[in-house]
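> So you can see what is in the structure, the chains are spelled out below.
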Amino acid sequence: MALSLALLRELEGILGAGGVVSTLEGRMVYEADMHTFYKGAPDVVVLPETTSQVVELVRLCRREHVALVPRGSGTGLIGGAMAPVGGVMVSLTRMNRILELDFANRCATVQPGLINLWLSQATREAGYYFAPDPSSQMVSSIGGNASTNAGGPHCLKYGITVNHVLGLEVVTGAGEILSVGGKAHDHPGYDLTGALVGGEGTLGLLTAITVRLLHVPAGVKTLLASFSAIDPASEAVSAIVAAGIIPAALEMIDETFVRAINEGVGAGYPKGAGAVLLIELDGPAAEIEAQAGRIVQICRDHAALEIRVAQDEAERALLWKGRKEAAGVVGRMSPSWILQDAVVPRSRLPEIMREVQAIGARHRLVIANVFHAGDGNLHPMILYNDLEPGELERAKEANDELLRACLAMGGSVTGEHGVGLDKASSMPLQFGDADLNFMARFRRVFDPDGIMNPGKLLPSHPACGEVFRPSAPRLPAGAWV
Amino acid sequence: MAVSAPALGDAFAAIVGGEHLTTAPSQLAAAAVDGVTPRWLARPGSLDEVSRVMALASAEGLAVAPRGGGSALDLGTPPLRLDAVLDLSRLAGILEYVPADMVATVQAGVTLDALDRELGKHGQMLALDPYGGGSRTVGGVLATNASGQRRFRYGTGRDLLLGARFVQADGTVTWGGSKVVKSVTGYDIPKLLTGSLGTLGVIVEAALRLHPVQPASGSWLFSFTSREAAGALVVAVLASSLEPERLAWLNAAVLGLVGSERGEAALAVSVATVAEAVTSQGAELGSMASRLGARVSALDPAFWTRMGGALASSTVVKLASEIRRLPFWAGEVERVISRHGLTVSLVGEAGNGILRAAVEGSVSPDTWAREIVAPLREALAAEGGSLVVERAPLYLKSAADVWGPVPETALAVMRRLKAEFDPGGVLNPGRFVGGL
Ligand SMILES: Cc1cc2nc3c(=O)[nH]c(=O)nc-3n(C[C@H](O)[C@H](O)[C@H](O)COP(=O)(O)OP(=O)(O)OC[C@H]3O[C@@H](n4cnc5c(N)ncnc54)[C@H](O)[C@@H]3O)c2cc1C
Ligand SMILES: Cc1cc2nc3c(=O)[nH]c(=O)nc-3n(C[C@H](O)[C@H](O)[C@H](O)COP(=O)(O)OP(=O)(O)OC[C@H]3O[C@@H](n4cnc5c(N)ncnc54)[C@H](O)[C@@H]3O)c2cc1C
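From first to last, the protein sequence lines stand for chains D and A. For the first sequence, position 456 (counting from the first letter as 1) is numbered 440 according to the numbering used here, and the numbering increases by one without interruption. For the second sequence, position 35 (counting from the first letter as 1) is numbered 39 according to the numbering used here, and the numbering increases by one without interruption.
A couple of the hints might just be wrong.
To be verified - With a straight-line Cα cutoff of 20 Å, these simulated SDA-like cross-link-like pairs (lysine to any residue) come out:
#1 D:K141 <-> A:L242
#2 D:K141 <-> D:G203
#3 A:K125 <-> D:A223
#4 D:K380 <-> D:A301
Claimed, not checked - Coverage of chain A stretches by chain D, computed from C-beta distances (three or more under 8 Å per stretch; other residues unrestricted):
#5 210 to 222
#6 242 to 250
#7 324 to 331
Unchecked claim - Per label pair, the in silico range of CB-to-CB distance:
#8 A:G428 <-> D:G312: 54 to 64 Å
#9 D:D384 <-> A:A423: 37 to 47 Å
#10 A:E100 <-> D:G277: 46 to 56 Å
#11 A:S244 <-> D:E297: 20 to 30 Å
#12 D:E297 <-> A:G137: 44 to 54 Å
#13 A:A423 <-> D:D370: 42 to 52 Å
#14 D:D384 <-> A:G137: 47 to 57 Å
Hint data in this document are derived by calculation from the structure and do not stem from the laboratory. In this text the structure is predicted, and so the values were computed from the model without any measurement. Glycine included, each C-beta is placed from N, C-alpha and C at the ideal position.
With the hints as extra help, turn the sequences into a complete structure.
Right, here's the structure in full:
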């Protein structure tokens, strides 16, 4: 779908020439998010600075039946912020201001392009922070976080992004400005705020977000426990939670990653460990002291090889360093990889980890793991080499088997990254036709013409042809759900 | 094709079984919703039966009200129409519960008390503690998004409902969400259902996030001779790193009811954690409060149930405001309501900006609408807050809308949602905001 010159002029009329990127090189920058399998450059990229510009954009795209793809920082791992059928990409990076900090109400209102970490930096001195902390928090946007309903290591205790969003300003696919929720905690009517979070840009564009701020906890304690293998480490995870302790974070790092992290970032994790658990407690000093004692005991009971407790902030930062920089060391392990993001019920962790190893062995591939163990949110990374014939195919098969194994245990298709283009076709693994049909109709309420981020989140599987009834016959093929 | 009433009764009976269908006028009168008597009361015994009842009702253009424990059936505008009450009390099973996962999947008709007993055996709980009788059901609590003081720490049904199986108006059985504590697969349909007052679907099963019961807890009452000082304690607690479980605002009338010391306003606070931290947090709270001139006393755990009793009135108003404005609104509500010779018991979720006022005494519909509801509602709305009349006799309900206005654009979207999922107005028609 190429854009007409007339439409380009209209876009420039709305945004000024400086807010429109239409050169080939310029557009190519936006052809993918961090899931670089999927490429699709938009016909034009626009960079609005105000909500009213966004409204005009949506109305124009609606009138012209042109696809519209919102984009935050483009760090998504799902093929979400890319344009499979071309169209207009709306980059929100210029709308990146903090609109209000309101400590008395423990909240802040920000524009969507604000980088996650900036909010915590801006509020730390006053004693507050924004709890959702995806590992990409240094670069990902709060609009992107809210749109994907992002998680992160500390979501075990504090919940994912939706638990921290109080209100939204949204420009829907119908071109209306919708303000929902706000500083008051209850509002009569349907909880549109909750249902819009995680919309992955298919319902509308978030133009302002009111989020909860939490008070910085009184104390923090970080422990690292190493084990001979994944199995006892997984059992320890279950035992900690079963003891009624919900740590702030409970992360697992497997042998392959421990080695790569030690070599790559010098985190100094115990050599030869088959698995490492990184456990963080936060809260009142007396609480974390008592809980840390219990955890040490539980890890010992599960044959921990070594247990370290950070004594100060520097040691704590060192323990976290390896986990936080894990993504950066993957390149040391393999030229290419596929990252999975599925969930299992916590109690099935030992079982699924054995299954992960078995699948790897079956396909003669190394599967490395660093993940949010306390939530049962796995991130197996299937390593493969493009240059070896057949490896990519085997990696894809292994990936598919992994996903199915998680679902067979009662799990979920995605724990935090979202569905995007990547997992749209996997939705029927978790949902039946009636369920997907409900979602498709929900989408249409916000986006009657199917212009918002087409091809994402819901399957456009031929078998679903009857289930999903496209409402706008003038749409290009494949543009609906 | 329309079917005659007796034939419809037979059709309902064929679905749920004759013994689970009530048509006796006296029993139907007892099942009336806000004075509107249904023609049938059906008690389905399975998901399939719920689905078939809804399909039949939908095909015949009947209006259906789901019913859980019946403790909040009068929440909302009186029904526009009502043909059948769908009683979910037979669907009261715990379907899946693996304590190590801290997730339980239960049928909607299970009562909070029954669930509590089962979860308590494993040291766990559903952290939802709305006020009211022990017969409240999970479905009813979710449909009304009812919550109590524990929301300060654990959130509301919105945060605790992971997945739901529900039956749409036309009988279609649908699942939304997941049964794991972390999932972002597709739209968060459970959030849409929470608080939708049964207008989008009948919740039949719910997957719930549970929490561990903490090993120790402590509760204290801090009473003050001025509202401002009580307000200052709320500010101090919220600006500290203390992590209370409950932070309740009480006015003088409630202090009297729960048999505590006198004062103009008080905060009841509970802390739940390990024993050492209960002691240390209690001490910190105590010194914080004493500096502000509070009288401090320890509370027994049963206090929290007694406090809920303070709201057992036929007229209850709920206000939602910014957190920092709660002390101001507590004063305003007392002033505006007591001016008319009424007494007001106020219980607030002080960390969430929610206040409930139970009103006693008689008032004319006109005074109610013009001098109480309207001015409070308008002033609150100007600050982004709201006032909902949660419970009131019919003569007051017909004088002032129970929900109040919803912003036009949002209401338009809500109307589209209702039209999409219940075009025939089968589910609780007319009861929700804007006449949905
Ligand atoms: C190294 C690394 C680590 C990561 N760790 C985590 C992690 O721990 N947890 C986690 O959840 N994710 C993680 N991610 C994934 C990613 O960072 C998150 O999904 C993040 O929320 C995306 O934000 P973004 O601003 O980059 O959004 P983008 O990638 O630009 O967009 C993501 C989706 O949201 C939509 N969108 C963006 N902004 C808006 C808006 N304003 N209105 C409407 N729709 C919008 C887009 O259309 C797209 O569908 C990680 C990624 C990387 C590269
Ligand atoms: C004395 C008293 C004080 C109260 N105080 C408070 C309070 O302070 N805060 C608060 O939040 N609540 C309060 N409530 C309300 C009450 O706690 C909840 O709303 C209650 O939990 C509803 O549960 P129920 O099973 O009795 O629902 P019901 O009364 O049976 O039903 C309530 C509504 O939900 C719908 N419904 C019921 N089940 C389903 C289902 N499965 N699917 C779809 N729709 C359904 C019904 O149609 C009805 O509209 C109070 C109630 C009482 C009796």
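> Determine for every hint whether it applies to the structure shown.
Going down the list of hints, with the structure as the test:
In summary, the hint linking K141 (chain D) to L242 (chain A) is supported, as the alpha carbons are separated by about 19 Å, within the 20 Å threshold. For the given pair, K141 (chain D) sits about 15 Å from G203 (chain D) by alpha-carbon distance, which is consistent with the 20 Å threshold. Between K125 (chain A) and A223 (chain D) the alpha-carbon distance is near 17 Å, which keeps this suggested pair within the 20 Å criterion. For the hint linking K380 (chain D) to A301 (chain D), the alpha-carbon distance of about 36 Å lies beyond 20 Å, and the restraint is violated.
With 5 residues carrying a beta carbon less than 8 Å from a beta carbon of chain D, the region 210 to 222 of chain A meets the three-residue requirement, and the given coverage holds. A stretch counts as covered by a chain when three or more of its residues have a beta carbon under 8 Å from one of that chain; for the region 242 to 250 of chain A and chain D the count is 6, and the coverage holds. Coverage of the region 324 to 331 of chain A by chain D holds. Counting CB-CB distances below 8 Å, 5 residues qualify, and the rule asks for three or more. Between G428 (chain A) and G312 (chain D) the C-beta distance comes to about 56 Å, which sits within the given range of 54 to 64 Å.
A beta carbon spacing of about 39 Å between D384 (chain D) and A423 (chain A) agrees with the range 37 to 47 Å that was offered as a hint. Our hint of 46 to 56 Å for E100 (chain A) and G277 (chain D) is violated, since their Cβ atoms are close to 33 Å apart. For S244 (chain A) paired with E297 (chain D), a C-beta distance near 21 Å keeps the hint of 20 to 30 Å intact. In this structure, E297 (chain D) and G137 (chain A) meet the distance hint of 44 to 54 Å, their C-beta atoms being roughly 50 Å apart.
For A423 (chain A) and D370 (chain D), the hinted distance range of 42 to 52 Å is satisfied, since their beta carbons lie about 51 Å from each other. Separated by about 50 Å at the C-beta atoms, D384 (chain D) and G137 (chain A) satisfy the suggested range of 47 to 57 Å.
The earlier numbered hints that this structure contradicts are 4, 10.
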